[in-house]
Structures are given as structure tokens and as C-alpha cells.
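Colleague: The primary structure of each chain is shown beneath.
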Amino acid sequence: MSRLPAGHRHNVQFTLNGKPCSGEAEPRMLLTDFLRHQIGATGTHVGCEHGVCGACTVEIDGKLARACLTLAVQTDGCAVRTVEGLAPAANRLGILQAAFKRNHALQCGFCTAGILMSLDHFLRENPEPNEQEVRDLLTGHLCRCTGYAPIVRAAMEAAAEIAGKPAKEKSDA
Amino acid sequence: MKPAAFDYVRAEHLDEVLDGLAREGGDARVIAGGQSLMPMLNMRLARPKTLIDIMRLPELARIERKGGNIVVGAGVRQAALLAWPELGKVLPLAAQALPWTGHVQTRSRGTVCGSIAHADPSAELPLVFCALGGEVHLRSRKRQRRVPASDFFAGMMVTTRADDELIEAVSFPASRHACAFREVARRHGDFAIVACAAVATDKGVRLAVGGVADMPVAREFPRLESSALEDALNVFAYELDARDDVHASARYRRDLVRMIGADLVREVLS
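Protein chains in written order, with my numbering: chain A, 1 to 173; chain B, 1001 to 1270.
Chain B on its own, in the form it takes in the complex (with noise of 0.2 Å):
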């Protein structure tokens, strides 16, 4: 359990770490908080020739409200966030769902963007991203350019990132919308067996679900009556085709996504 050796690159500067990526691109890694990549390396499920450690750039981060965007840079800690006084006003989905992010312990080094760019499909951030419709800010040599949460993510720990790129920030749109975040794991700050979350929405409610699909998954629900609504979360359950694995079994894992789901559209439009 010691990772595989790498050469260690202490950025100073943000050029620094965009030449670094144009030059070695998939063999070099970013690393912030480390609460995601450093377990990685450890088990040597990642073995880069390059760690770039980009948390000695005060540029980063920064939490910051641009129009009707919190931007979060790439250097801010989910203890940061947490803590920041505006959270519960602009983002409250946010601040009902970093307490389920990881623990104490992991919270005050891992980054925001660092588990949004991990996307682990149970993780609480990329979940809350989804629902909200953030956008991932995308930087390299040649080009900046920004993804919404729907293009972001591509499968298991797998997002649409180029290797030469740096995610310098992810926003989420400023939202006081009624919200609600649930979550079933084995032990609190645990990964979720599934974790849902609902937002209000001019038609009806956007429910977004983690732990199920390989990736959060978010789907748009009108106003519908209680037997409609049940059946229609029936059919969303089953299209996130769900799986079997040591925590749970995939009917309990839709039977969650049911129960959940309903408790929390009612909560959202009551």
C-alpha cells in the first residue's frame, strides 16, 4: 500500500501547471486535498510519472459569486465551502450535503473540485453538481472552455477532461429553490448505497440520484399525483440499472431510489 514512484512537482505558478500538463498530458496528475487520488496511489490503481501539487497557488482558492455563479476554485477544501457564511443562502443543497461528504477528518483537506474531477458515482459533490447544472471550468495551453454537469461526467470515475487540461474551478448557479438531500450508507460519510437530491424547479422538480448508475444521474419531474409520481420514479429506478455488490442489491438500491425519491419531490413542492 505505498505508491509507485513519481516525480513531485510543486507549482508556484499557474503556467507551471499548464506546461506540465501540455507537456506530459495523461502521464502527469493534478493532486489538491489527495483524499481521492492519494488512496488511488496507494493502491496503485493510478501510477502518473507526474504529480503536479497545485495547493501552494492562493489563485485557486477562491470562493467567489460572478452573476448568478459561486465559482469554487480548484484549491478550495469542502471545509472551506462548508464554512463559507453565504452557503446556506445561495447554495443550500450544498450545505444540506457536505456534511454527508466524507468525514471531519477528510473534509478539511479534500477539495471541491478534486471529488467532482475523482467522480466517484456514490460521492455526494458530483451528485449536488448534477442537480444544480454546474459547469466544470476547463483550462490548458490552448484553450479554456467550460462543460456543464451533463457533458462532465462519462462513466465510473471516467469525465470528458482532456489530459492536457486543468479543472480551475466548477460553478454552481446560485439556487433558493427549495431542495432536499437524502442519504443511505453503511456508516455516516460514508460513500452513499444510494444519495438523492431534489431541487425545485419552475415545472415541477429535478431529482438527481448517486450510488446507483455508474455516474449521478438527473432527470426533470413534473407536478404529478401521488400514483403517477410512484410509478414514474418506478420507471427511473429501473433505467439507472442498478447492480448487485457487497452493500446492497440492486432491488434495494431502486427500492431506495423509490422511497427516497418520493419523500423528497413531496418535501420539495410542499
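Here chain A stands alone, though its shape is the one from the complex (with noise of 0.2 Å):
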């Protein structure tokens, strides 16, 4: 057994997307607040903090997760993936990302990190979805700009595109 006492910091130290990543948390400390200012991973965006909107979705252990609902501390020995982790090499997007650009899935992309994990996930698992089947998937994320018909789109083009069908416009990224 380990007992983390409140108001003191303990290392917690998990992979972030495949690299070892370490820092301090109090026992209180969310995943969310971790990744941003002890490791400064900005890409998980903090939104409503109790699990409704979807924006702080991250993948533990290969399971989506809100890292709004999780403590720093839980992860310890985990493996987390997070938005900064879905694109092939720096200034090169992923087929996801590409479609969600394309199809202008986004518009202030406060949102759009949490979509991507959710997405990046579920075609992975699903590699032929139907519309339904990725609406039903949007449905633990709010949008209050874009509007979820982009975002259905691009999500059915990038699963197209795996696929190794051909997308119907080429990607500009």
C-alpha cells in the first residue's frame, strides 16, 4: 500500500505518448492540470472540469479517459496518449487532422483535441464505421462553434482514407 498525504507533492512518472515523462503532484492534482503546467503539454484542453464536454479527452492504457475525471496521481505506471501524439513528425498532420483541415471541423479548436482522441481511437477499433455509429461517438463531446456536421464528415473521410480508399480532395497539410 502507498499513502500520498494531502499538501505534499509526490513524483508521478507515466509514458506520454510512448516517451517517460515524470513530475510532481499533490494527491488532488487532475491529469488535466498535470499535463499542462508540470509537463506543459498544452495540447489537452481543460473545458467544464466535471466530465461532460469532452475537451481533456486522453487515452490510459489504450482506454479513452477524461483527464478532468482522473488524478495525476492514478496514472502512475500508465501509459497516456494525448493530442500532441497524433501527428507522423513535426509540421505533418495525421489522416485525421488532415480531414478535420480539409473539411473545416473546426473553428476556435477549443474542442477539437478531445474529438481527435476520441476519433483517432475509435477508428482504430472500428476501422469501417457507419455515420451513426460516429455520431453516437460525438455524442461525449460538446462543440458550441463548428457544429458536428464537419466534424461527422471529416471523421467518415479519414476512415475512407485509412481504409486505402481515396479521399475526395487532396490534402493541402
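Keep in mind the hints are simulated off the structure, nothing from the lab.
Everything numeric in this text was worked out from a predicted model, so none of it was measured.
Take these hints with a grain of salt, some might be off.
[Said to hold, decoys possible] In silico lysine-lysine, DSS-like type, Cα no more than 27 Å apart, as pairs:
no., chain 1, residue 1, chain 2, residue 2
1, B, K1142, B, K1049
2, A, K63, B, K1002
3, B, K1089, A, K63
4, B, K1002, B, K1066
Combine both chains into one complex, guided by the hints.
Modeller: Structure, rendered in C-alpha cells:
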């Protein structure tokens, strides 16, 4: 058993997008704040802080999770994946990200990090989704400017491209 | 929206959980998937002195068939139960209701027992638990006991669990009887405005309603003619003591109970 006392900072280590990462966190520190303020990984956004909006969605040990409903100390020893892990290289967008750009599937971009994480996970598990399944997945996210139609379109296009079917337009990314 | 300070205990043995609860009682809270408790902590509606994490106890993460019951351990996530290959055969009602429980992104973390422990009157799992007549398996340093669903919920987010007790598991009687689930919510995956679950019984139907009273409520209905059924559902709808809130009026809630209730009763009896 380990007991981490309140008011003290404790070492937390996990892998972030495949690379070892560590920092210090009080027991009450949320994973969102740990990622953003301790690690400096600000791609994960903080919206409602009670699990409703989905902006902070990340992957922990291969499963989707709200980072705002996760304590940093709970992730000790886990594998965490965030939006920073999606691009194949600096200045190059992944297939899903490029589809978002082509389809204007983001406007202010606040909700985008979480939606990309959900869709990236979902498309790996469901390589040939139908539109209803994509819409069902998106119920776990709130977007307040672009609207969902272009997001659904981008997801369907990315799925087709991953499956080897050509996209409607060539990426300019 | 940050939790108040607490000690965090990462339990590696069940004894540590039971000792912690025996020593600290109501000052300690057990955390599993955190999908109900973390929002309460963030909003400071809960301010425990100690948080005991049970998710590193493999013995709690099991789904087992024992006799005619399906025993779901405290560490079993909602997504794991939904993915359990036998679910549709032995707990078809849970198979129908689980896709309505939160979202993919919360079912991946939230546990079955955690949702029942939280006892939100609009939540789907307490409703299914109530409709099927399940039992909560409680354990403390001093004793072990089982509490039937009808005695477990005591009010909105209040249960009869004692402060030193851990919900070790919940069990559902396996049921191949015809069943049906329906829910009205503002957005798929949100808490229900009204949710109903119906299960065929030897004499008729058991109908459970969530989202209206301060806890899920089940009622037995014999086989009735159409107009008699509508009258009985109307009485039931009024007895649930619906309230107005920002999402729906009491009148609308009663209307949903009458309409969805009638549909489900007919569906499981046909």
C-alpha cells in the first residue's frame, strides 16, 4: 500500500505518447493540470472540469478517459496518449487531422483535441464505421461553434482514407 | 473546480481497504473509475479526508456466474460488462441499457458498482439493478452482508451502506425473460429525464422507472386490459411524486411514464 499525504507533492511517472515523463503532483491534482502545468503539454484542453464537455479526452492504457476526471497520481505507471501524439512528424498532420482541416471541422479548436483523441481511438477499433456510429461517439463531446456536420464528414473521410479508399480532395497539409 | 486536499491511498490488498474504512469511516471515500465521484470532488460536493483507490486490486475486477447470479466486482468497468460475451444471453436488460449509460468516453472508466453506489435517481445502472432485483454485496472488517436493491437506495444519492462498508460486488439474477428498456434524455448518454425498464414475470410485468422519484422505483403489474393498464400506469406516475426542474416539468415526466410504460409493458408481454 502506498499512502500519499495531502498537501505534499509526490513523484508521478508515466509514458506520455511513448516517451517517459515525470513530475510532481499533490494527490488532488487533476491529470489535465499535471499535463498542462507540470509537463507543459498544453494540447489537452480544460473545459467543464466535470466530465461533460469532452475537451480533455485522452487515452490511458489504450482506453479513452476524461483527464479532468482522473487524478495525476492514478496514472502513475500508465501509458498516457494525448493529442500531441497524433501527428506523424513535426509540421505534418495525421490523416484524421488533415481531414479535419480539409472539411473545416474546427473553428475555435477548443473541443478539437478531445474529439481527435476519441476519433483516433474509435477508428482504430472500428475501421469501417457508419455515420450513426460516429455520431454516437460524438455525443461524448460538445462543440459550440463549428457544429457537428463537418466533424462527421471529416471522420468518415478519414476512415475511408485509412481503409485505402481515396479521399475526395487531396490534402493540402 | 479543483478538489479539496485529501490523502490518496493506493490499495494493493483488500485488507487495506477494509482497514482504512474501519479506521476513517465517513472521512474516507473509495474511488474506482471516478466517473461519479470525481465530478463531486471537483465541485467540492464531496470533501473526503482520504481517497482509497481500489483499481489495482485484480480480485475486484471479475465478472462471475454463481448459481443463478451474475456477480460483478467493484473494479469492473461498464465497458467491460458491455463487452462480456455472455451479457446478451444472461442479462439482456443490462445489454440494452448499458449503451445509454454515459458515453463511450466515460464507460471506459466508470464502474458498474460505482454507478450503483452513487445512486443518482436518473442513472441507468441503478434502474436495471432495481428492475432485476439485484443485491449489493457489502463487506466491512466486522461483517459481510447482502442488501437487496429494494432496501439499498434511501434517497437521492443516499444509500443504506454504512460508512465502514465497501461495496465488494453487485449481483444480478440471470434472466432470460422478455425485457425492454427505453429512455428520454436531452442528448444520448446524458442522465435520463425519464428511463423505464420492464421485465416479464410469472404473473405479469415488473416496471421500473428512473429519473422521476428520488430513487429508481419498481412496481409489479398483472396482465391487464388496455384501459385498466393505462389507469394503473397513471396512478403509478402520480405516486412517483415528479418534480419540475430545468430539464422537464413534472407533468411531462408523468406523461413519459404513462407513454413509455405502456409501450414497454405491451412489448414484453407480446
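Colleague: Indicate, hint by hint, whether the structure satisfies it.
Modeller: Comparing the hints with the structure gives:
no., hint, in the structure
1, B:K1142 <-> B:K1049, "22 Å, holds"
2, A:K63 <-> B:K1002, "24 Å, holds"
3, B:K1089 <-> A:K63, "26 Å, holds"
4, B:K1002 <-> B:K1066, "41 Å, violated"
Checked against the numbered hints given earlier, this structure breaks only hint 4.
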